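Chains as they are written, first to last, in this note's numbering: chain A, 4 to 118; chain B, 4 to 118.
These aren't lab readings, by the way, just hints derived from the structure by calculation. Mixed in with the good hints, there may be bad ones.
[Said to hold, decoys possible] Simulated crosslink set (DSSO-like; lysine-lysine; CA at most 27 angstroms straight-line):
1) Lys109(A) - Lys46(B)
2) Lys21(B) - Lys36(B)
3) Lys30(A) - Lys109(A)
4) Lys30(A) - Lys109(B)
5) Lys75(B) - Lys58(B)
6) Lys46(B) - Lys58(A)
7) Lys46(B) - Lys75(B)
8) Lys46(A) - Lys109(B)
9) Lys36(A) - Lys36(B)
10) Lys75(B) - Lys85(A)
11) Lys46(A) - Lys30(A)
12) Lys46(A) - Lys36(A)
13) Lys109(A) - Lys21(A)
14) Lys30(B) - Lys85(B)
15) Lys109(B) - Lys85(B)
16) Lys58(A) - Lys36(B)
17) Lys36(A) - Lys109(B)
18) Lys109(A) - Lys58(B)
19) Lys21(A) - Lys109(B)
20) Lys85(B) - Lys46(B)
21) Lys109(B) - Lys85(A)
22) Lys85(A) - Lys109(A)
23) Lys75(B) - Lys109(A)
24) Lys75(B) - Lys36(B)
25) Lys46(B) - Lys58(B)
26) Lys46(B) - Lys36(B)
27) Lys36(B) - Lys109(A)
28) Lys30(B) - Lys36(A)
Source: prediction; values computed, not measured.
Number of protein chains: 2
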Amino acid sequence: MTINIYDDINRLETTFRKTTEYAAVEKAVTEVKADEQALALFKSFRDLQMTLQQKQMQGEEISGEELEYAQKTAQLAQSNPKIEQMLQAEMALSGLIEEVNRVLMKPVQSLYEGI
Amino acid sequence: MTINIYDDINRLETTFRKTTEYAAVEKAVTEVKADEQALALFKSFRDLQMTLQQKQMQGEEISGEELEYAQKTAQLAQSNPKIEQMLQAEMALSGLIEEVNRVLMKPVQSLYEGI
Ligand SMILES: [Ca+2]
Ligand SMILES: [Ca+2]
């Protein structure tokens, strides 16, 4: 690993934290944190998601009831405007990170062309 | 999205293609491509993996026999020194991309601290 790439990664990270996408997530998280109701709703949504993900990774079965409850919790969370705003801001920021991955993967994929 | 971040992403990509990790994958792929036996072995390994991944994504069942055959194909492929070299080089390069993701995800995760 050359030393240079860390300079470029760190420069990218500095710019990343200055994007409007990053600022939007920061603002949206602050607003959820300041709203007791939104915060409680988001926490229960996220904790439930984590529990289900863990079950899935461990190959445990997820019952229809559990799934239905999870969907209702997700719907409830998303019906809160502050949480909805935060999830949308997250998605836009994830899009930026995905773009970085696409740009880096492209030359790697081209190495495998013809295989 | 600010225009700046694309400059930084492109600069990172240019440096990325100059790393020893990238050069190692390029060299390893060239060597596999030039070796008929290694190439055929790698293709059958990769095609089988893709088929199984697709089945998994579509929720189709993968039989014990299929799994056993996939494991044997993987073992056979990895016992080829040129393929083994290529897979190790790939892993090292993936490590670089993962590092980029870690650096970018860190400030995002810190936004959620206390939630
Ligand atoms: Ca409220
Ligand atoms: Ca040979």
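Index of numbered hints that the structure contradicts, given in increasing order: 3, 6, 9, 10, 15, 16, 22, 23 and 28
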